[in-house]
Amino acid sequence: MDLLKLRQQELDKVGEFTIDSGLNITKLHAFREFGYNNITLKVTTIESPPYIMIRRTNGSDVIKYDGFCIDMLNAISRELGFSYKIYLVPDKRFGAENASNPGQWNGLVQELILKKADLAVAPMTISYAREEVIDFTKPFMNLGIGILFKIPTQMPTRLFSFMNPLAVDIWLYVVVAYILVSSTLFIVARFSPFEWQNPHPCEKDSDVTENQFSLADSFWFTIVTLMKQGCDLNPRSISTRIIGAIWWFFTLILISSYTANLAAFLTVDRMITPIESVEDLASQTKISYGALEGGSTMTFFRIQGPNMSIQFVCNRLCEYILRQNWLNYQ
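End of the sequence shown sits at 330 in the UniProt record's numbering; the numbers just go up one at a time, nothing left out.
Calculated from the structure, these hints are not laboratory results. Note that the structure is predicted; figures quoted are calculated from it, not measured. Do not take every clue at face value.
Dumping the calculated BS3-like pairs for lysine-lysine here, alpha-carbon to alpha-carbon at most 30 Å [to be verified]: (1) Lys115 with Lys150; (2) Lys115 with Lys92; (3) Lys13 with Lys27; (4) Lys13 with Lys64; (5) Lys115 with Lys27.
Each pair of labels, with its calculated beta carbon distance range [what the hints assert, rightly or not]: (6) Leu172 with Met141: 18 to 28 Å; (7) Ile76 with Ile275: 51 to 61 Å; (8) Ser100 with Phe162: 50 to 60 Å.
All residues carry an ideal CB built from backbone N, CA and C; glycine is no exception.
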């Protein structure tokens, strides 16, 4: 069985296969396509560390290119036997289609379409729109669009961090309830005859009576029961006991909720992820974001459907790009 290889316009025998001897390649050089010798290709690129890095010598205009893509280009040139001249793309963009003028491109894609360059070497994303106008080699890396942000640092311990388990509104409601219950207990105790007692039980004929729930004692009784501590003041009348029972049920629920939330705050290291989707990115204002103008990420958000969050993100990306250009110009 003959082994043939298509070269130019004809088939060339490069080896044979037999059952006895197996595969025998007679023309090893046939698997290398010669014909690129003494050819100088124009290669355009864009600075994008660590793939494309530019090094300038002090006091000289000579530019030296380095990086992963440059190493790959050098390996290909040695393998195929061609030389090249490399230059930076003038507008420093990867290449995106003009939305207002379809068919018009910029960046590296424009250099290839206008045949100003034979090759473009860069970490350029393969997209459907670009694939329609230029040809790509096999990808050397597979990536997707992701949202990167700094992990929120743990807040330093504050003096009043013990109040974190409950919201500020709840603490205000507790203070208001404490004042209202104490005042109500004082007033009801004043009107109830069962709260007026003889301070000297041995003198049965004494007309002197005292009320144990003074204004200060009423506030003391309420705060002591809130803290689940014992108290020497005990309501005697039904009305004051009802008020005390209601306050006890309230404090029972409040303390139980506070204890449960406090344990979670002290033992659980919660990872807060403020952005988990495009909607979260669009709804927040604390984290600024942007994309490379003329890049595939910017194009992706621009051509998406009528999703309000995506459109808002796209508008913010445009504002970021305009702001960055203005700062660079200044």
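Results of checking the hints against the structure:
1. For the suggested pair Lys115 and Lys150, the alpha carbons sit about 42 Å apart, so the restraint of at most 30 Å is broken.
2. Between Lys115 and Lys92, the direct Cα distance comes to roughly 17 Å. Compliance with the 30 Å bound is thereby established for this hinted pair.
3. Of the pairs offered as hints, the one joining Lys13 and Lys27 holds, with about 8 Å between alpha carbons and a cut-off of 30 Å not exceeded.
4. A threshold of 30 Å between alpha carbons decides the hint, and for Lys13 with Lys64 the separation of about 44 Å lies outside it, so the pair is violated.
5. Distance hint between Lys115 and Lys27 is unfulfilled; the C-alpha atoms sit about 35 Å from each other, more than 30 Å.
6. Range check, Leu172 to Met141: Cβ separation about 55 Å, and the 18 to 28 Å hint is violated.
7. One distance hint, 51 to 61 Å for the beta-carbon pair Ile76 and Ile275, is violated here, with the actual separation near 40 Å.
8. In this structure, Ser100 and Phe162 meet the distance hint of 50 to 60 Å, their C-beta atoms being roughly 59 Å apart.
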